[in-house]
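Mind docking chain Z on chain Y? Use the hints.
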Amino acid sequence: MRNEAIVLVVAFGYLALLFLIAAIGDRRAEQGRSLIGSSSVYALSIAVYCTAWTFYGSVGRATEAGPSFLLIYLGPTLAMLCGWMLIRKMVRIARAQRLTSIADFISARYGKSQSIGALVALIAVIGIIPYIALQLKAITVSYAILIDYPAQTSLQHAESLFFADKSFWIALVLAVFIILFGTRQLDASERHEGMVTAIAFESLIKLLAFLAVGIFVTFVLYQGPVDLFARAAEDPKLLHLLGLDNVPGGAAGWVGLLILSTLAFLTLPRQFQVMVVENVDERHIKRASWLFPLYLLAINIFVIPVALAGLMLGEAAQTPDSFVLTLPLAAGLEFLPLLVFIGGLSAATGMVIVETIALSTMISNQLVMPLLLRWRHLHLDHLYDLSGWLLGIRRVAILFILFLGYLYHALIGDSYSLVTIGLVSFAAAAQFAPALLIGLYWRGATRIAAAAGLMGGILVWGHTLLIPGFAQSGWLEMSLITAGPFGIEALRPYQLFGLQGLDIYSHSLFWSMLVNIGLILLVSQFTQPSRLEQTQAVLFTDALQNEHLHTPVWQGHTSRGELRQLVHRYLGAQATERLFAPFQCEGDLCDDQDPAPSEMIHQAEKQLAGALGSASARVLINSVVRGEALDLQAVLSILDTTSQTLEYNRRLEQKSEELTRIGQELKEANDRLRELDRLKDEFVAMVSHELRTPLTSIRAFAEILRDTPDLPATKRQHFLEVIVRESERLSRLIEEILDLARLESGRMTLNLQKLNLVEVVQQTRDAVARLYEDGGVTLTFTHQAQDPWVSADPDRLHQVLINLLENARKFAKTGAGEVSVSLSQVGRHLRLEVEDNGEGIPESEREKVFEKFHQVEQGNQARPKGRPRGTGLGLPICRGIVAHHGGRLWIDEPADLGGANVILELPRIPPPAQAQDLDAVTTEPSP
Amino acid sequence: MLQPPSRLTSRLLSLTLLGLLLFTPPLLLLLDRPSSHGLSWLPAWLFLIWLGLIGLAAWILERQDAQ
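Heads up: the protein sequence lines correspond to chains Y and Z, in order. Position one of the first sequence corresponds to residue 4 (our numbering), numbered consecutively onward. Position one of the second sequence corresponds to residue 416 (our numbering), numbered consecutively onward.
Bear in mind the hints are in silico, worked out from the structure with no lab data behind them. All figures in this text were calculated on a predicted structure; none of them were measured in a lab. Ideal Cβ positions, reconstructed from N, Cα and C, are used throughout, including at glycine. There's no promise every hint is true.
[As the list claims (entries may be wrong)] Chain Z side only, calculated, beta carbon under 8 Å to chain Y, not exhaustive:
hint	residue
1	LEU427
2	THR431
3	LEU444
4	ALA473
Isolated chain Y (complex conformation) (with noise of 0.2 Å):
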């Protein structure tokens, strides 16, 4: 039996200790040099998460459930990770709209429903009061093992006189904490850093002394973590301890758990008022996402070689909820199980601490003052100051729910083990993350629907968890659990329609789920949500994305004075002051009866929902507002205004595009066409002068006729003789122009006939021999080509074969002049080539003599050989016609003769039926 006195001294001098370490949080906090501006305290103060059910409880679970313990950490872990993302939309949106509480925060995003806080409220304390219960239940069981050791420990304490049971005083100490820390001032956004100061603190101390029990454990009893597990796998007993077989409910019920631990990490109360309430600067998440899932790894990393080390201990050890105080009370230590009280203590108090704050601001904001609101013309608009009143309501919230946590502890505290407590209330806070989380992404999601999935889930809650836990602690007939209520075989509460083969918890959570988010989803297809909602939802959807829509939004006129007046009754002389102090005019020039501004009904809205809940703070501004009290109209056309602005912005861009590229298009169009106008006028020039020549010769000639009349008639005849050839040269020019405009027009009719190249050739070569004879030009042919059948029209591919040969024998070397044209199959082309053993054209050359009008110099320069005979048009006109038929004509390197070689590529068509046995003829020199 240790000191009785000694160990309350030091209890009671550990919570003066709290006192102090929050008023000094609290004076640097009015002098703006915060203790809490860290990402470290931060995440220490999100380890309130931490309570006195891990602390004692964890070992607990591990001893029963083995390695499942671990999920309630592993849960919040995925939570972090992801918490940049998911908490800072959080507390960016309560920041901008001065939310207080998950309550206020669910209302807020359904439209600032007075129901739905009110619901969320009321679900909060359900489930969360015998959780507190839990705390209160813990140090009083610690104490009394503490004194009692080895004694075994009833918890007759409890039900001894309430001022016998140390858990009454402790928690009368939690509430002077609480309603000194908690209820200071009633304007700011409901922040209190002297309480995370201390909860910081508390954090630390737990977390030391439960690593001081796991060292001590290690590293004393055993030695080392080998030597434990090495003796404790001798033990049959254990051997399936850690093992997933070990896991209530197996596979699934390990995924029920971890789901049910991340979703209950962001919806508990004191979770949302640590991460997102207290929250000094969203930059500390980023730290704290991994801050703080390694301080659950450090908290728990002794959790299974204490939970072995007690097991192996036996009955010495006592419960295994007891476990890390026993095992140094057990090795006759006197310090280390005063630690581990004072950690415990911690855990508890730390909890009990924030959770209280949260609940009674949602009862206070939530519950009581819409009531008394609604009530106020009964008696309490005669009051001019209500801000007294508000934190008197706020105290007695305080004091109603350790008082309701203290009689739950001390009637039913005994009839569960820790942990199934805890994860009962986690079951229950749960129930806001469809609504919460699902409102933060979806904008469709009503406010019908969030009330019937909250409503819906918490029924299936209470019937498949709390309901059965009353029959268990035998508050009912266990019957209800066996035989289901009524004897309905189907709705037994732990086996819901016959589901079997899950824990209770699992169980639970699946069905609550399965109707919160179907009512959710189902419902919201069906309900059509109001203008405000529709505006607070795209402020929740959209937070991360639009950080300044905070448009003010109140367009109704109210005066200065009355607004005055409002925010003086519900917040005080010295909030209203501070508030107003932005909007004085310049040299008092405005009275109360002024209009008050937009941005200033705003901010006092503002204000008033940090104090009040923003459903309430929007009824009493409502008050006051004449007119138009909200254009919610307005708001949402500046949203659709903006949104429309953006759509036309983007559209201009996409037709300032298509300009600028319909621009250069036409740039280039207009290019092409100077381009062709340019050559059209060449072209134009150039006939002229064509046409002159032979015009000029015939015309000189005629005159000397006319004016000579005594002109002899040799001479007579040969003038004569150039008049007639100088006119067949100017019809043939003529006719080739015609040609060329037919060609370039695309109005040369084709008479297409199936031919045999073989033959057109062998009848062109007839048709020039004559003038090969004359000229001396040997001619030859050689053909390779097996059925060698095109689709042309007769006369043009004729035409086009004796200007190419006419051509080569033109260029080809004078006196001993030579040309062979051969014919051979090149893929499904026919291929003529022409080569004649001239000078040949340079390659520079090779595409301009396919220019109108151009002519090849003949000779060199120093040794011109004058203008050849021809127009200038014959390989145009050739060029065109070939592409008429779908083939090419272009001069390539010189073959065999070493002269110009031109060549000819024709489509190639299978024979006629009758023409298949057309002899290849071979080499067949002309004559």
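Chain Z in isolation, oriented as in the chain Y frame:
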């Protein structure tokens, strides 16, 4: 006016999904093997994975302070 998720966001989301995958069956069943002593390795593996995730998260979050 949706912005594409930043690199930080997508990394953290991937890490969360990785954690979810590693902390749940069926991958978990692979780790539930008895050691030579007879006790299961499962808790040891869980702590290791946990530590790994925290380390990765710290690496991702601390090196991008500029963002």
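Do the hints match the structure? See the list:
1. LEU427: With a closest approach of 6 Å, the LEU427(Z) hint holds.
2. THR431: Holds: closest Cβ of chain Y sits about 4 Å from THR431(Z), inside 8 Å.
3. LEU444: Since the shortest Cβ distance to chain Y is 7 Å, the answer is holds.
4. ALA473: For ALA473(Z), the interface hint holds, since the closest Cβ of chain Y sits about 4 Å away, which is under 8 Å.
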